[in-house]
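There are 2 protein chains.
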Amino acid sequence: MSLVLDPAAQDLLFREARTANTFTDEPVTDEQVQAIYDLVKFGPTAFNQSPLRITLVRSAEARERLVQHMAEGNQPKTATAPLVAILSADNEFHEELPELFPHFPQAKDLFFSERPAREGAAGLNAALQAAYFIIGVRAAGLAAGPMTGLDFAGVQKEFLDGDHTPLMVVNIGKPGEDAWFPRSPRLTYDEVVTTV
Amino acid sequence: MSLVLDPAAQDLLFREARTANTFTDEPVTDEQVQAIYDLVKFGPTAFNQSPLRITLVRSAEARERLVQHMAEGNQPKTATAPLVAILSADNEFHEELPELFPHFPQAKDLFFSERPAREGAAGLNAALQAAYFIIGVRAAGLAAGPMTGLDFAGVQKEFLDGDHTPLMVVNIGKPGEDAWFPRSPRLTYDEVVTTV
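Taken in order, these protein sequences are the chains called A and B.
Mapping the first sequence onto the UniProt record's numbering, position 192 (from 1) lands on 192, and the numbers just tick up by one.
Mapping the second sequence onto the UniProt record's numbering, position 192 (from 1) lands on 192, and the numbers just tick up by one.
In case anyone wonders, no lab produced these hints; they're calculated from the structure.
Remember, predicted model here, so these are calculated numbers, not experimental data.
From the three backbone atoms N, C-alpha and C, an ideal C-beta is built for every residue, glycine too.
Mixed in with the good hints, there may be bad ones.
Covered stretches of chain A, going by a simulated chain B footprint (3 or more residues, C-beta under 8 angstroms) [what the hints assert, rightly or not]:
1. 2-11
2. 42-51
3. 90-102
4. 152-160
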C-alpha cells in the first residue's frame, strides 16, 4: 500500500523472482548484459567508488575451468546455465576515485591510501553492487542464480589477480524445468526491525 | 531496450533516484518501513540466511547518541533526516536457519558451526540485503542516504551487541532543497566487464 513502485515491477524484481537452479537453452546476449549494467551502474556506493567487476565466462574452456572450482552441488547448474558471471571487488578502485568522485578528489589519499581500508570498502560496496546486479538481471526478465558455494582462492587464482577478490558466481538465464524449491519462509518484520 | 522492467520503474529505482543529503520534514511512518521490508525480504541470500537487522532510531535521545558517532560531515544530515536506520549483520543468524531453509536443515551445523564462517557469510549477505533495502526505500518514493562515514565500534557498543556488526547508517525521507551533488560519472561497460 505504501509503495510507489508499480505492483508488476514489485513482482518482477522481488515477489515472483526466484533463484533459478535450472535454465532453458536460450542464450543471454552481451546486449542484455550491457542493458543490465547501464541500469544498475547508478546504484549508490560510498564515494561512488564502484568497485564491482564482472567476468563473463563465455568460452567452453573457461566454463570447464570454473566448474572445477564450484561446490559439487553447484557444478551441474554452473555447467549448464546460458551465462555465468564471476563478480569480484577491485581492491585498487581508488585509482579511479578522482574521476568517479570529482567533488572530493582528496578522498583517494585521505581514506584509501592503505590496502586494508580499501579491501573493507571494496568488499562492502561491491556486495551492494552485486545485489543491484541481481536486481538488474531480474529487470531484464531473466533469473539469477547467485552462488557462494565455491573455492574462492581457486577462482581468484584461475580468473582474477591479487587485486580482485571474488564475491560470488551468478548463473543467468531463463528459468528451466523445476527451476526452484518452494519459496522458503522469511523472518517477520518484528524479528528484523527494532526501534530505539 | 533489452529490459523488461517498465522505464518509469527503472527511473524510480536507479536512473532518477539519488543519495539525498537533505530532507523535508515529512515523517517516514512504520507502515512505510513495513511495506519496504515486506517487499525486499524476498531478495535472495545464501541458504536464505537473511542476516540483515534494522534498528530504527526514532527517539530524540537515541538520535543524539547516534549523531555523536557519525563523521563530522554526516552529522547534520543524520540529525535532521525524518528517519535514520542502523543496518547490521546478525552473526548468529544460523540459529534461524533450520526454519529459514527447511530443504537442508543440516546447513546450520555443516557450514556455520564456526563463528568466522558465520561472520563472513553474514557480512556479505547482509550487504546484499542492505542494497535491497535501499532499492525498497526508493520503491516507496523516498530517498535513501546510506553512510559508512561513522565510528563503527562506537555504534555497535551504543546500539547493538557483540553478535551484531553494523554495516551502515541510512537516512530516509523525501529529498529537501539542494539534496544532492550533480550525478557523478560511472565506469563504462568496458571498464567493468571482461569476457573469458
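The hints, checked one at a time:
1. 2-11: holds (count 8)
2. 42-51: With 6 residues close enough to chain B, the hint holds.
3. 90-102: That given contact holds, which follows from 5 residues of the region 90-102 of chain A lying within Cβ reach (below 8 angstroms) of chain B.
4. 152-160: violated (count 1)
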